[in-house]
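Novice: Sequence:
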Amino acid sequence: MLIIVSYFLFLIGALILALVLFIGLSKIELI
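In numbering that gives the first Met the number 0, the protein residues as written are 0 to 30.
Wrong hints could be hidden among the right ones.
Label pairs and their in silico Cβ distance ranges [what the hints assert, rightly or not]:
(1) Ile3 / Gly23: 22 to 32 angstroms
(2) Ile27 / Phe7: 25 to 35 angstroms
(3) Ser5 / Ser25: 39 to 49 angstroms
(4) Leu29 / Met0: 40 to 50 angstroms
(5) Tyr6 / Lys26: 36 to 46 angstroms
(6) Val4 / Leu24: 24 to 34 angstroms
(7) Phe9 / Leu29: 38 to 48 angstroms
(8) Leu8 / Glu28: 40 to 50 angstroms
Hints are computed from structural coordinates only; laboratory data are not their basis. Treat the numbers as computed from the prediction; the structure is a model and nothing was measured. By construction, the Cβ of each residue, glycine as well, lies at the ideal position given by its N, Cα and C atoms.
Please work from the sequences and hints to get the whole structure.
Specialist: This is the structure we're talking about:
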């Protein structure tokens, strides 16, 4: 159970990080 929760949190963290990087690059290109 703990392993599944840890993996799920890691997956969410990776998605958020990718989203932040994508938005950051988009803003840099707009400027």
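Novice: All hints are to be evaluated individually against the structure, with a verdict given for each.
Specialist: Against the structure, the hints:
no.	hint	result
1	Ile3 / Gly23: 22 to 32 angstroms	holds (31 angstroms)
2	Ile27 / Phe7: 25 to 35 angstroms	holds (31 angstroms)
3	Ser5 / Ser25: 39 to 49 angstroms	violated (31 angstroms)
4	Leu29 / Met0: 40 to 50 angstroms	holds (44 angstroms)
5	Tyr6 / Lys26: 36 to 46 angstroms	violated (31 angstroms)
6	Val4 / Leu24: 24 to 34 angstroms	holds (31 angstroms)
7	Phe9 / Leu29: 38 to 48 angstroms	violated (31 angstroms)
8	Leu8 / Glu28: 40 to 50 angstroms	violated (31 angstroms)
Taken one by one, the earlier hints fail for this structure at numbers 3, 5, 7 and 8, listed in ascending order.
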